[in-house]
Amino acid sequence: MRITGTFVNTVPGDIPAANWGYEEWDRELELMKRIGIDTLILLRTGWKEWLCYPSKYLQAKMDCFESLYDYLKMYLSLCEKHGLRLFVGTYNSNHDWLSASYDVDYEAEIIMKSAKEMWDNYGSSPAFGGWYMTQEISRKESFRVIELWQKVAPYCKEISNGLPILISPGMAGVKSGNVHPRMAVTLEEHRSDWDWIFGQISGIVDIVAFQDGHVSFKELENFLAINSELAAKHGIECWTNAESFSRDIGSTNFPPIAWEKLIMKLEAAKRTGHSKAITYEFTPFMSPNGNYPAGKYLLERYCEYYEILYKNKVQEKEMA
Amino acid sequence: MRITGTFVNTVPGDIPAANWGYEEWDRELELMKRIGIDTLILLRTGWKEWLCYPSKYLQAKMDCFESLYDYLKMYLSLCEKHGLRLFVGTYNSNHDWLSASYDVDYEAEIIMKSAKEMWDNYGSSPAFGGWYMTQEISRKESFRVIELWQKVAPYCKEISNGLPILISPGMAGVKSGNVHPRMAVTLEEHRSDWDWIFGQISGIVDIVAFQDGHVSFKELENFLAINSELAAKHGIECWTNAESFSRDIGSTNFPPIAWEKLIMKLEAAKRTGHSKAITYEFTPFMSPNGNYPAGKYLLERYCEYYEILYKNKVQEKEMA
Amino acid sequence: MRITGTFVNTVPGDIPAANWGYEEWDRELELMKRIGIDTLILLRTGWKEWLCYPSKYLQAKMDCFESLYDYLKMYLSLCEKHGLRLFVGTYNSNHDWLSASYDVDYEAEIIMKSAKEMWDNYGSSPAFGGWYMTQEISRKESFRVIELWQKVAPYCKEISNGLPILISPGMAGVKSGNVHPRMAVTLEEHRSDWDWIFGQISGIVDIVAFQDGHVSFKELENFLAINSELAAKHGIECWTNAESFSRDIGSTNFPPIAWEKLIMKLEAAKRTGHSKAITYEFTPFMSPNGNYPAGKYLLERYCEYYEILYKNKVQEKEMA
Numbered sequence: 061m062r063i064t065g066t067f068v069n070t071v072p073g074d075i076p077a078a079n080w081g082y083e084e085w086d087r088e089l090e091l092m093k094r095i096g097i098d099t100l101i102l103l104r105t106g107w108k109e110w111l112c113y114p115s116k117y118l119q120a121k122m123d124c125f126e127s128l129y130d131y132l133k134m135y136l137s138l139c140e141k142h143g144l145r146l147f148v149g150t151y152n153s154n155h156d157w158l159s160a161s162y163d164v165d166y167e168a169e170i171i172m173k174s175a176k177e178m179w180d181n182y183g184s185s186p187a188f189g190g191w192y193m194t195q196e197i198s199r200k201e202s203f204r205v206i207e208l209w210q211k212v213a214p215y216c217k218e219i220s221n222g223l224p225i226l227i228s229p230g231m232a233g234v235k236s237g238n239v240h241p242r243m244a245v246t247l248e249e250h251r252s253d254w255d256w257i258f259g260q261i262s263g264i265v266d267i268v269a270f271q272d273g274h275v276s277f278k279e280l281e282n283f284l285a286i287n288s289e290l291a292a293k294h295g296i297e298c299w300t301n302a303e304s305f306s307r308d309i310g311s312t313n314f315p316p317i318a319w320e321k322l323i324m325k326l327e328a329a330k331r332t333g334h335s336k337a338i339t340y341e342f343t344p345f346m347s348p349n350g351n352y353p354a355g356k357y358l359l360e361r362y363c364e365y366y367e368i369l370y371k372n373k374v375q376e377k378e379m380a
Numbered sequence: 061m062r063i064t065g066t067f068v069n070t071v072p073g074d075i076p077a078a079n080w081g082y083e084e085w086d087r088e089l090e091l092m093k094r095i096g097i098d099t100l101i102l103l104r105t106g107w108k109e110w111l112c113y114p115s116k117y118l119q120a121k122m123d124c125f126e127s128l129y130d131y132l133k134m135y136l137s138l139c140e141k142h143g144l145r146l147f148v149g150t151y152n153s154n155h156d157w158l159s160a161s162y163d164v165d166y167e168a169e170i171i172m173k174s175a176k177e178m179w180d181n182y183g184s185s186p187a188f189g190g191w192y193m194t195q196e197i198s199r200k201e202s203f204r205v206i207e208l209w210q211k212v213a214p215y216c217k218e219i220s221n222g223l224p225i226l227i228s229p230g231m232a233g234v235k236s237g238n239v240h241p242r243m244a245v246t247l248e249e250h251r252s253d254w255d256w257i258f259g260q261i262s263g264i265v266d267i268v269a270f271q272d273g274h275v276s277f278k279e280l281e282n283f284l285a286i287n288s289e290l291a292a293k294h295g296i297e298c299w300t301n302a303e304s305f306s307r308d309i310g311s312t313n314f315p316p317i318a319w320e321k322l323i324m325k326l327e328a329a330k331r332t333g334h335s336k337a338i339t340y341e342f343t344p345f346m347s348p349n350g351n352y353p354a355g356k357y358l359l360e361r362y363c364e365y366y367e368i369l370y371k372n373k374v375q376e377k378e379m380a
Numbered sequence: 061m062r063i064t065g066t067f068v069n070t071v072p073g074d075i076p077a078a079n080w081g082y083e084e085w086d087r088e089l090e091l092m093k094r095i096g097i098d099t100l101i102l103l104r105t106g107w108k109e110w111l112c113y114p115s116k117y118l119q120a121k122m123d124c125f126e127s128l129y130d131y132l133k134m135y136l137s138l139c140e141k142h143g144l145r146l147f148v149g150t151y152n153s154n155h156d157w158l159s160a161s162y163d164v165d166y167e168a169e170i171i172m173k174s175a176k177e178m179w180d181n182y183g184s185s186p187a188f189g190g191w192y193m194t195q196e197i198s199r200k201e202s203f204r205v206i207e208l209w210q211k212v213a214p215y216c217k218e219i220s221n222g223l224p225i226l227i228s229p230g231m232a233g234v235k236s237g238n239v240h241p242r243m244a245v246t247l248e249e250h251r252s253d254w255d256w257i258f259g260q261i262s263g264i265v266d267i268v269a270f271q272d273g274h275v276s277f278k279e280l281e282n283f284l285a286i287n288s289e290l291a292a293k294h295g296i297e298c299w300t301n302a303e304s305f306s307r308d309i310g311s312t313n314f315p316p317i318a319w320e321k322l323i324m325k326l327e328a329a330k331r332t333g334h335s336k337a338i339t340y341e342f343t344p345f346m347s348p349n350g351n352y353p354a355g356k357y358l359l360e361r362y363c364e365y366y367e368i369l370y371k372n373k374v375q376e377k378e379m380a
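Chains as they are written, first to last, in our numbering: chain A, 61 to 380; chain B, 61 to 380; chain C, 61 to 380.
Everything labelled a hint here was simulated from the structure, so no lab data went into it. Honestly, I wouldn't trust all of these hints.
The list cannot tell twin chains apart, which means a pair is met if one copy fits it or any two copies do.
[Said to hold, decoys possible] Below, in silico cross-link-like pairs of lysine to aspartate or glutamate (DMTMM-like), each with a Cα-Cα straight-line distance of 25 Å or less:
#1 K371 with E140
#2 K133 with D86
#3 K278 with E207
#4 K336 with E360
#5 K121 with E281
#6 K141 with D163
#7 K336 with E281
#8 K356 with E84
#9 K108 with E281
#10 K133 with E364
#11 K278 with D163
#12 K371 with E83
#13 K141 with E364
#14 K173 with E364
#15 K217 with E303
#16 K217 with D74
#17 K108 with E289
#18 K278 with E109
#19 K121 with D255
#20 K108 with E297
#21 K211 with D165
#22 K235 with D156
#23 K293 with D180
None of these values were measured; they are calculated from a predicted model.
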């Protein structure tokens with residue numbers, strides 16, 4: 061179960077900025093492609109007042125800062141060059157959808173108008189391959205996001221001649237307590253919630269890729285089996301989002317995961333019928349160019365395990 | 061608005077030790093000079109029981125450990141070699157100046173006697189270019205520090221034939237809550253406090269360089285304008301301390317800042333009339349030799365933006 | 061007082077996984093040997109459901125995951141190659157020994173049966189040089205661990221033809237508050253507790269190596285003197301576990317320590333009669349191949365101080 065997709069992001073939240081430009085991303089996509097990655101998911105094109113591309117609409121409407129660099133254009137250009145497709149994450153206001161004051165129509169308008177602007181300016185790129193809905197929900201309580209997707213997703217699909225819609229929800233397991241202090245979900249609660257949610261978004265969302273890091277390793281395969289079964293029932297394609305960082309290290313929030321744990325998660329996704337594996341997120345956690353030496357070695361172990369030729373010709377020659 | 065000064069530090073507090081010696085700092089100052097840095101500020105020569113130079117006075121008076129290496133001598137020597145000037149941070153006892161038991165006379169004596177010892181031993185260096193008062197205050201409530209500076213700063217200036225006095229206060233904005241849990245200051249409270257503080261230290265402190273990271277990006281320029289206006293009113297030179305680490309990343313306290321944010325802050329300081337930009341702190345956050353890969357790329361983006369030739373001749377040749 | 065031993069670990073807890081394989085550890089042990097390290101201590105062969113070697117017993121008894129790689133075999137093989145000895149840490153269930161429900165007989169059985177299995181499968185290696193008891197106690201309150209060692213240690217020694225038993229307790233000093241929120245121990249409480257504990261394990265545990273990071277630097281030598289004196293009284297060999305990470309940096313839990321502090325601790329251990337220094341832990345904190353640039357420089361400063369030739373012949377040639 062090789063990883064063939066990864067998130068990328070240039071509007072930092074939890075993970076510090078990489079401060080890369082065209083040259084560094086060019087090198088990175090060449091590496092990604094070489095080890096089998098064919099899909100990038102841009103986590104978000106905007107978040108709160110920060111944008112990764114120039115948007116007259118969002119600068120006026122949401123008082124966003126003007127982006128100094130057009131990362132969206134860069135990713136599309138590099139995806140064309142290296143033969144990858146890009147799922148484009150929409151703008152995310154960071155407004156709290158659990159709050160009664162969350163206005164679905166208002167949020168939908170912002171996302172749709174910025175998506176339209178994006179499609180008008182970048183839709184001619186053959187690498188523009190899909191839309192990513194950025195809201196990371198995990199329970200039925202986030203019903204306002206369902207309503208949002210019901211408005212936004214068909215619109216994005218329509219303006220883009222039917223491009224697919226991707227979501228990447230969490231599972232409200234024992235390791236989600238750090239983020240939202242509430243009781244971990246049981247298998248049956250998870251099944252019940254997502255049976256209902258999938259019923260609401262069937263025909264609207266095309267692909268679901270659950271984040272796989274919030275449940276214990278002992279429970280993981282049972283949760284994955286439910287995800288796969290429910291997605292099939294509701295006609296949604298089921299990928300896994302195999303997190304390449306660890307949630308188990310007390311002292312460091314986002315270090316590269318142990319390679320054995322990554323393999324374990326990927327193989328469990330394979331056994332439960334997932335059709336594709338993406339990761340959050342190749343560059344900081346699995347790349348020799350990332351934030352940690354352990355990331356480079358995670359890639360080496362991963363490539364050894366799946367017998368992937370990771371070094372390029374120049375590197376092979378240097379080693380010979 | 062290029063960065064032409066940076067803090068350096070070898071008595072670790074929040075930022076881990078670099079464990080560098082003469083050779084590493086020599087290489088670093090060569091790089092600093094090449095990209096336009098002409099001023100170093102040594103954050104502190106001592107803190108609690110730790111010293112960065114041998115001080116018979118502080119070892120006896122404050123029971124400080126003897127320093128294994130004379131970093132003060134090293135910095136002065138390297139500043140001479142590379143043509144930089146060094147502002148020397150005084151000793152900092154870490155005693156709480158908000159406490160009623162804080163004894164201004166006692167603290168002043170320690171700082172003055174250690175400053176005298178330093179000047180006697182190192183004052184002949186032409187690189188000894190100023191004094192840095194290490195207390196990072198942000199509100200009028202720190203009036204005891206004002207009293208301290210009124211005693212200490214004229215003394216330091218007198219013994220050193222008029223060397224300038226630098227301070228680098230904080231702004232008690234929304235991002236200072238992590239450190240001191242209190243309400244963020246408003247623009248008018250900030251103006252009122254610093255009009256009073258500057259009135260007290262006019263003619264005593266020569267240069268102020270506010271830390272620019274504690275207020276929101278939306279508010280920054282308004283705060284900077286007040287700083288610049290008030291400093292001019294009271295005859296104090298106004299620099300900006302453009303922090304090169306991020307205060308916005310939840311999971312990591314001190315990662316390199318996104319390059320767009322650094323540029324944004326520097327340009328806001330330029331528009332509001334600041335005469336010089338320094339940073340806290342080049343080496344861990346902006347150097348290819350620092351703690352993070354993202355620091356190297358921060359420097360590359362920064363140099364691209366300001367069209368600074370960053371590679372040295374050997375490196376340029378290797379790249380050609 | 062050179063460091064001649066270090067912990068190694070491949071079952072991550074506080075320190076993120078390195079994701080190294082045979083090649084990386086081969087290079088690392090070659091370096092370790094070159095700078096004078098002759099002893100490795102494998103922190104644990106298993107922890108909770110994670111193992112670093114295949115154990116039919118623990119997979120069945122404790123429902124542990126099967127290890128994808130046999131690190132125990134690898135370390136033994138590499139220790140043979142490079143001429144080091146390996147102390148093998150036992151399995152650790154992570155059960156709370158301060159709880160009344162902690163069952164000493166049950167825990168002892170698990171450790172003894174897994175130790176027997178290890179000895180049967182790996183005992184023929186001449187590098188298998190001792191056993192490490194993984195419980196890190198610091199006070200008399202952990203009397204259940206004493207009872208555990210009284211059962212387990214003689215058994216391990218017996219099946220292995222008398223291999224030595226090592227423990228590495230903490231000192232319940234001011235810096236242990238992060239872990240267990242309780243009052244710091246006084247010198248006399250520490251002496252009283254450990255006089256009793258050593259009395260209980262005399263003839264059972266051969267070597268004690270206290271972790272040296274939980275007490276203040278001002279108190280350290282007094283604590284070390286007690287440790288050395290009590291160990292001698294009870295016929296236990298006394299090493300120091302000189303932690304190479306810092307407990308003083310607020311923002312980062314486990315960065316490399318300042319080199320001056322490491323030297324200070326080692327020299328204090330020398331003055332108080334410790335016979336050997338080990339560290340927790342060379343690879344992440346002192347190695348050029350570790351997690352932090354500062355670790356590489358910690359090794360350089362350490363080697364300069366003790367006049368150790370650190371570069372190998374190839375590197376020396378490259379530098380000439």
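Verification of the hints:
no. : hint           : result
1   : K371 with E140 : within (22 Å within a copy, 31 Å between copies)
2   : K133 with D86  : within (13 Å within a copy, 41 Å between copies)
3   : K278 with E207 : neither (34 Å within a copy, 31 Å between copies)
4   : K336 with E360 : within (21 Å within a copy, 36 Å between copies)
5   : K121 with E281 : between (44 Å within a copy, 21 Å between copies)
6   : K141 with D163 : neither (40 Å within a copy, 63 Å between copies)
7   : K336 with E281 : within (16 Å within a copy, 47 Å between copies)
8   : K356 with E84  : both (16 Å within a copy, 12 Å between copies)
9   : K108 with E281 : between (35 Å within a copy, 19 Å between copies)
10  : K133 with E364 : between (34 Å within a copy, 19 Å between copies)
11  : K278 with D163 : between (39 Å within a copy, 24 Å between copies)
12  : K371 with E83  : both (19 Å within a copy, 16 Å between copies)
13  : K141 with E364 : between (27 Å within a copy, 24 Å between copies)
14  : K173 with E364 : neither (45 Å within a copy, 33 Å between copies)
15  : K217 with E303 : neither (27 Å within a copy, 43 Å between copies)
16  : K217 with D74  : neither (29 Å within a copy, 45 Å between copies)
17  : K108 with E289 : neither (36 Å within a copy, 30 Å between copies)
18  : K278 with E109 : between (40 Å within a copy, 9 Å between copies)
19  : K121 with D255 : neither (36 Å within a copy, 36 Å between copies)
20  : K108 with E297 : neither (30 Å within a copy, 35 Å between copies)
21  : K211 with D165 : within (8 Å within a copy, 62 Å between copies)
22  : K235 with D156 : both (21 Å within a copy, 20 Å between copies)
23  : K293 with D180 : neither (35 Å within a copy, 51 Å between copies)
Hints 3, 6, 14, 15, 16, 17, 19, 20 and 23 from the list above are not met by this structure, while the remaining hints are.
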